[in-house]
Amino acid sequence: MHGGRVRRFHFARDVEEALSLLAAYGSRGAVLAGGVDLLRSPRGDVEGLVDITRIGLSSVRETGGGVAIGATTTLSGVLESQAGHDYAGGILPEVLRAVASLPLRNMATLGGAVVSAHPWADIPTALVALGAEVRWQGEREGRSLVEELYRTPFRGLFRSAVVTEVRFPPWNGAFAYEKVGRTRYDIALLNACCGVGVEDGRIAWARVAVGARPTRGERLPWAEEALVGRVPGEPLWNEVRRLVEERIEVGEDRRASGEWRRTVAGVLVARAVARAARKASA
Amino acid sequence: MAVETRQRVAVGRSVTKVDGPSLVAGKPVFTLDLDLPGALVGKILPSPHAHAAIVSVDTSEAEAVPGVRAVLHHGNVPRVPYTTAGQGWPEPSPYDTVLFDRKVRFVGDRVAAVAAETEEAAEEALAKIRVEYDVLPAVLSPEDAQADGAPVIHDEPDAEGIYDAQHNIAAAVDIPVGNVARALAEADVAVEATCEIPYSQHAAIEPHCVLAYFDEAGRLVLRTSTQVPFHVRRIVARVVGLDPARIRVIKPRIGGGFGSKQEIVLEPVAALLALRTGRPVRMAYTRQEVFVASRTRHPMRVNVKLGAREDGVLQAIDMEVLSNTGAYGAHALTVLSNVGSKTLPLYNKAPHLRFHGKAVYTNLPVAGAYRGYGATQGYFALEVAMDVLAEKLGIDPVELRRRNHIRVGETSPIFEKIGEGREGTAQIIRSCALGECLRIGADRIGWKENRGRRREDGPWVHGLGMACAMQGSGITGVDMAAATLVMQDDGSFRLLVGATDLGTGSDTILAQIAAEELGVPVDRVLVYSSDTDFTPFDTGAYASSTTYVSGNAVLRAAQEVHRQILAVAAEALEERAADLELTAGAVQSRKTGKRLSLSEIGHRATYVTDQRQIAATASFACPESPPPFAAFFCEVAVDRETGVVRVERFVVAADCGTAIHPQAAEGQLEGAILQGIGHALYEEMLFANSGRCVNAGFFDYKLPSSLDAPQIEAILVPSEEPTGPWGAKSISEIGINGPLPAISNAIHDAMGVRLTQAPFTPERVLLSRRAAGK
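Top line first, the protein sequences correspond to chains L and U.
Here our numbering is used: the first sequence runs in plain steps of one and ends on residue 282.
Here our numbering is used: the second sequence runs in plain steps of one and ends on residue 1774.
Hints were generated in silico from the structure; no laboratory data involved.
A couple of the hints might just be wrong.
Chain L side only, calculated, beta carbon under 7 angstroms to chain U, not exhaustive [said to hold, decoys possible]: (1) V180; (2) T183; (3) R184; (4) Y185; (5) D186; (6) R254; (7) A256; (8) W260; (9) R262; (10) V264; (11) V267.
Between beta-carbon pairs, the in silico distance windows are [to be verified]: (12) L/S76 - U/P1459: 55 to 63 angstroms; (13) L/R61 - U/P1459: 37 to 45 angstroms; (14) U/E1196 - L/S76: 52 to 60 angstroms; (15) L/E259 - U/F1699: 22 to 30 angstroms; (16) U/F1699 - L/G64: 21 to 29 angstroms; (17) L/R54 - U/G1026: 46 to 54 angstroms; (18) L/E259 - U/R1454: 36 to 44 angstroms; (19) L/R40 - U/T1411: 50 to 58 angstroms.
The beta-carbon is built from N, C-alpha and C at its ideal position, and this holds for glycine as well.
Let the sequences and hints guide you as you build the complete structure.
Structure representation (structure tokens):
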């Protein structure tokens, strides 16, 4: 692979400079954070790369039970941080260790994962399940729940805006993540991120998201409703499994059929919910 | 030749690989590490169509791109039908390929080539070549290829050696022994298995690449990543129209080949571009091109029918093959032949045999040599069928193999009936430790304790499976290797071999074979290999030949040098040569104890008395091909709810005769097992309806990674092959034959379902289970 038509490489000193450089290049400019997607799918039309890794967006902070992660924090950076490690019963390490390989986790950034939002990716499913909020700086500052952002034509937004931070809210409970890939370094054939809170022996709240089906991860509100108020245990997990298998919308691609995804979606949700409940109860 | 039993000093030791330090230190040892000033970049224009006639090619715009120095296409290169398969002469693959044809036969086929000052200019030029195609109906499966009225893929009149071009059959075989149909009908028990392997890629780390340039004498030098330098020279000379004496081929270190570099794909194009421009030309496939335009394993469907007595002794084996050779017939006949020739002799108790099949053309990528070379496909079906038979008879699968496998002193009619594109050579098995391999492997995996127990661990169900295999050591009547061994004036040695180390460690092993004979440490033997100007002939690194064939040539040369050393020493010491022995870097008299070091002998022969060069060239043609044997055992865990299969443990016990370098031999086994696990669980090239490969890259074509690797226990079970150098046979290919059937059989042990279509993806496992109602 060669460098395409890239003529200039800029280290932006702050967000404003990054935005001004992006504006100057128009469609011929691109933000470089981890660079994973630029390497995987080189864009032949890019003339100017704007590196945003030196503008102070690499940080992980605990925020009253939640966690705020700077956009250029690498996945390895999150994994190595105490705040990232402790959040919501350790869900972030669980998800991030399932992403690609260590060398790629050393490159890939959380902000990059939000923006690239590949349907087969692990992180978007978790962001949706966890109720993560993304913040950005463009002409104006902006913020949105990732779940809502993904319902909009968001890709255009980030041609002239830079993600600055991802905020994860506090949860009184725990989450778990399940994934089936072909190999350990593979993208997901299917994934599920689920969380529950258990109070007085019953499920107080539930979050259920399934991704790579083969569309991007989305929540299953009807599955969440079916869990709330119920007593955790095998009968419930089996019921949820059957429910998901019955109602989930899945498709097929070259990696897996809809039939397999339908069956396994129920399995993964049941497993993730069960593990989350065990963690929450502990 | 006799196998000595004295204490060995070099053989059987895991010495430092002769190329290890330079590789570890990152020295510039690979093909494209040589940076020649003024080198042009060569690139190839691939066909966007699976099957099309080229109506016209307009290169005017491409030639006008600044920096473009040459554009090749069918209109301006000689038309010479040839085969890209780098095999010995006479070449058994059909001459169905020309450098640039008026027709394209798969998506990725060569349409044109460009040499330019930069990669960007070359790519711009490729984009500006205007090609008008007349798109033809495409044949995208072996079944379609055989259908009535199927498009004829090779309708060119000048192709040679195609079995039946009108019906898209590149090669066909039908070898009957006895009356298999009657024997199957009369057998106490008959079973059947049909197994399928898809397109898969060798995925060597280094892509195919070549540097073509002219030396100071105006000779064409091809520095290339190849397994067959001498075949490259012969074939390029013919295709390009050069006197072979004007071509030198150098093989530097290679980043893997696994058979894919037994093909001559880039070299003639680079040679022609260099000839047209007078400039050095470097070419390298991108990873996508490696997938599509180099070579793949032959996808196959293999059906095996077994007939047996109630005691499990086989009476009949019928093996039928449908092989997909893709758009061209590289290795079509020989890979097809090896499906039977490398498998059927293993169970030589069956008196009635039939091996029959076809290799058909399709408009898909070209298949070629791939480690295992047909045996991998054959063993998948044969060993699954053996498992089915064991189940039906209620006989332990290990015991069933014991009752049927070939032993020392025995033969099989298949050895004589099936060779490499012609009849084979009768041979008797002179070494076989398969019985020991079965015993040791079964003990190590805990076969008796754990097989059939279906241990459950949450959703994971554990099962055990096993398989056996043999391979060969070179090609009888075809392979020949030569070696030149020179003693230098300081008493050290230079070993010149045409043999091709493709990362296997053969340079080291050949040095060990010589050092053992000469009684010196391995580092006293400097190895120079694979340079057609400076090293003697060798057919190349394929067919598990190097240790046995090249090793025997080295041993013969070393024995002659040994004799010459004793003669010089005898004269100097005034003793009879018969009273002298060569050991520990010196010649010593058993009679008087007088001693002369090798450096003194080298010095005397070079400078002092009766001056002469102590040296010898010897060659070895392969009269027989002693098979290595192996028993494979594995434990898998199957997630009954998702269909995910994990290989938990893999045990392989292999008989390669004497392991010259045990660690390298174990490494060959471990690598082959992991590659076989890839075949079993992950690897499959997928195609769109247009014939385009949709997963030509590692993002979506998955290889087992280190995290997916189970605990692999490679056990070398020694035997002494009397015809092998220091008792050695081959080890490089056999390991890949076991994982497919062993894993399939283990899944059956765990889940009660037979997986016969590779890879065993979660979906295939889950849906098979559902279909079986389990």
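List in ascending order the numbers of the hints, as given earlier, that are violated by the structure.
-> 9, 12, 14, 16, 17, 18
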